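Residue numbers (numbering that gives the first Met the number 0), protein chains in the order written: chain A, 0 to 163; chain B, 0 to 239.
Source of the hints: derived by calculation from the structure; they are not laboratory data.
Just to be clear, a hint being listed does not mean it is correct.
What the hints assert, rightly or not - Chain B side only, calculated, beta carbon under 10 Å to chain A, not exhaustive: (1) 2; (2) 5; (3) 6; (4) 12; (5) 13; (6) 37; (7) 41; (8) 51; (9) 52; (10) 54; (11) 55.
Stated by the list, open to error - SDA-like mimics (lysine to any residue), calculated; alpha carbons at most 20 Å apart, straight line: (12) 130(A) - 36(B); (13) 130(A) - 21(B); (14) 110(A) - 152(A); (15) 161(A) - 14(B); (16) 161(A) - 145(A); (17) 37(B) - 13(B); (18) 161(A) - 50(B); (19) 37(B) - 145(A); (20) 130(A) - 14(B); (21) 130(A) - 141(A).
Keep in mind that this is a model prediction, so the values were computed, not measured.
Even for Gly, the Cβ is constructed at its ideal location relative to N, Cα and C.
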Amino acid sequence: MREIHREMVGLLPRLRRFAYGLSGSLDEADDLVQSTFERALSRIDQWQAGTRLDSWMYRILHSIRINRLYAENSRNKKRDDSDPDEQIGGDSAREIEAKLTLEAVRQFIWKLPEEQRAILLLIVVEGVSYKEASDLLGIPIGTVTSRLARARLAIKDFVEMKGA
Amino acid sequence: MNSIDDITLVAYVDGELDPATCAEVETLLADSEALRQKVRGLRESTALVRAAFNHALYGTTPEFDASRARAVLPFRDPVPEAGAGRGDRAIPPQDATGKRRQPIWRGWPSALPLAASLAALVIGASLGHYFTERGFDRELRNAGFILSPQDQLAFQKALAQGLERELSGTRIAWTNPDTGHGGEIVPIRTFQAENGQYCREFLDVRRITGSAQDHGGIACRGADGVWRVRVRYLPENGGV
Chain A
0 MREIHREMVG LLPRLRRFAY GLSGSLDEAD DLVQSTFERA LSRIDQWQAG
50 TRLDSWMYRI LHSIRINRLY AENSRNKKRD DSDPDEQIGG DSAREIEAKL
100 TLEAVRQFIW KLPEEQRAIL LLIVVEGVSY KEASDLLGIP IGTVTSRLAR
150 ARLAIKDFVE MKGA
Chain B
0 MNSIDDITLV AYVDGELDPA TCAEVETLLA DSEALRQKVR GLRESTALVR
50 AAFNHALYGT TPEFDASRAR AVLPFRDPVP EAGAGRGDRA IPPQDATGKR
100 RQPIWRGWPS ALPLAASLAA LVIGASLGHY FTERGFDREL RNAGFILSPQ
150 DQLAFQKALA QGLERELSGT RIAWTNPDTG HGGEIVPIRT FQAENGQYCR
200 EFLDVRRITG SAQDHGGIAC RGADGVWRVR VRYLPENGGV
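The whole structure should be built from the sequences, with the hints applied where relevant.
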């Protein structure tokens, strides 16, 4: 068995968790992970030995996710008007059930703008560094830190409101 | 520094600050209960976020249980197989109510080290479908990985019968007379998944393009009695 394949298989749980966090559905997550493996396998020659395989696969997964969102939006002729840097809170926070549960935390995160959510999941859940997240998503580190801070503060406020 | 912006504070919680800035933040924290509370709030909510998605690590959806088969399923003891007498079944059959009858076990052949020669690539049962949709089908067809619909029918029939009835080590041949394509399926190991389903690892040798292609896989029998391939192993040389 090629070592690289073994490593890829080992990443599956984390990729699935990331996909679930992004998409909000386990089915969608499985589908994303499957596509990620397919694409990674077909482009395995593009992966450079010595670089991080996990970052590479997170990036593939994220770009598949973005492409699908884009395709969906254009198919539905529905524009996503949400500002990637917008604050969430207020109504969105109140809509979510009163009890503070992990489910409530998930629901809150799924209401965040996609761009904030991807950064939040990579850094907080997957433990990717700021620099890696910036490379992986192809956005400046300043954007990473400001979006991350917005998401984190919003979640903190949400948790405190629910927990109070 | 006499105040801290949110970005810096979050970076502090994440351990992303350089030592000098970190020291500055800690000095300010020492002086301000409000700031300490904010950091606590951030840490607590971060811990919740960290925990919130973990159940996705270990799939609960049936398809994915098996995708993790290599990591999880084989941890249960292999299921001993019935003796080699004709008419004996490799695994306990389901009765009309779908409940498994207990078979009388009479020893079982040892498993072959499939994994040693095949790269485990966890890809779900609908692989062919996805690949076809995504335009990779030509390469995969060439690799013998995707079967044409007619070949697929012949293959599935042999797979279902073979996995349901045959002992490990038995070769089950299939062929599609229209195309001349065919191959062999060899169950090599039987085990019970965590959810109680019976699963069998099998070798899948196909003769599609002149040369034989070795694949492997794991199929599990669902509550409906249907065998579904859950995991596919690609050949060592990549295939794709």
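Taking the hints in turn, this is what the structure says about them:
Residue-level restraint check for residue 2(B) is violated (minimum Cβ-Cβ distance to chain A is 15 Å; threshold 10 Å). For residue 5(B), the interface hint holds, since its Cβ comes within 10 Å of a Cβ in chain A; the closest pair sits about 4 Å apart. Hint status for residue 6(B): holds, given a least beta-carbon distance of 4 Å to chain A, under 10 Å. Against a cut-off of 10 Å between C-beta atoms, the interface hint on residue 12(B) holds, since the closest Cβ of chain A lies about 8 Å away.
Because the beta carbon of residue 13(B) sits about 7 Å from the nearest beta carbon in chain A, less than 10 Å, this interface hint is met. For residue 37(B), the interface hint holds, since its Cβ comes within 10 Å of a Cβ in chain A; the closest pair sits about 8 Å apart. A cut of 10 Å between beta carbons decides the hint on residue 41(B): the least distance to chain A is about 5 Å, and the hint holds. Proximity of residue 51(B) to chain A holds as hinted, the smallest CB-CB distance being about 5 Å (cut-off 10 Å).
The beta carbon of residue 52(B) is positioned within 10 Å of a beta carbon in chain A (closest approach about 5 Å), and the interface hint is therefore held. For the restraint placing residue 54(B) at the interface with chain A, the shortest Cβ-Cβ distance is roughly 8 Å, inside the 10 Å limit, so the hint holds. Restraint check, residue 55(B) versus chain A: the minimum CB separation of about 4 Å is within 10 Å; hint holds. For the proposed pair residue 130(A) and residue 36(B), the alpha carbon gap of about 27 Å is over 20 Å, so the pair is violated.
A hinted pair counts as satisfied when its Cα atoms are at most 20 Å apart, and residue 130(A) with residue 21(B) qualifies at roughly 18 Å. Taken as a hint, the residue 110(A) and residue 152(A) pair is honoured in the structure, with Cα atoms around 14 Å apart against an allowance of 20 Å. Pair hint residue 161(A) plus residue 14(B) does not hold up; C-alpha atoms about 27 Å apart against a cutoff of 20 Å. Between the alpha carbons of residue 161(A) and residue 145(A) the distance comes to roughly 24 Å, so the proposed pair goes past 20 Å and is violated.
The hinted pair formed by residue 37(B) and residue 13(B) meets the criterion: a straight-line CA distance of about 14 Å does not exceed 20 Å. Straight-line distance between C-alpha atoms of residue 161(A) and residue 50(B) comes to about 17 Å, which keeps the hinted pair within the 20 Å bound. The hinted pair formed by residue 37(B) and residue 145(A) meets the criterion: a straight-line CA distance of about 17 Å does not exceed 20 Å. Under the criterion of a C-alpha separation no larger than 20 Å, the hint pairing residue 130(A) with residue 14(B) is consistent with the structure, at around 13 Å.
Taking the CA atoms of residue 130(A) and residue 141(A), the gap is near 10 Å; set against the 20 Å cutoff, the hint holds.
Hints 1, 12, 15, 16 from the earlier list are contradicted by this structure; the remaining hints agree with it.
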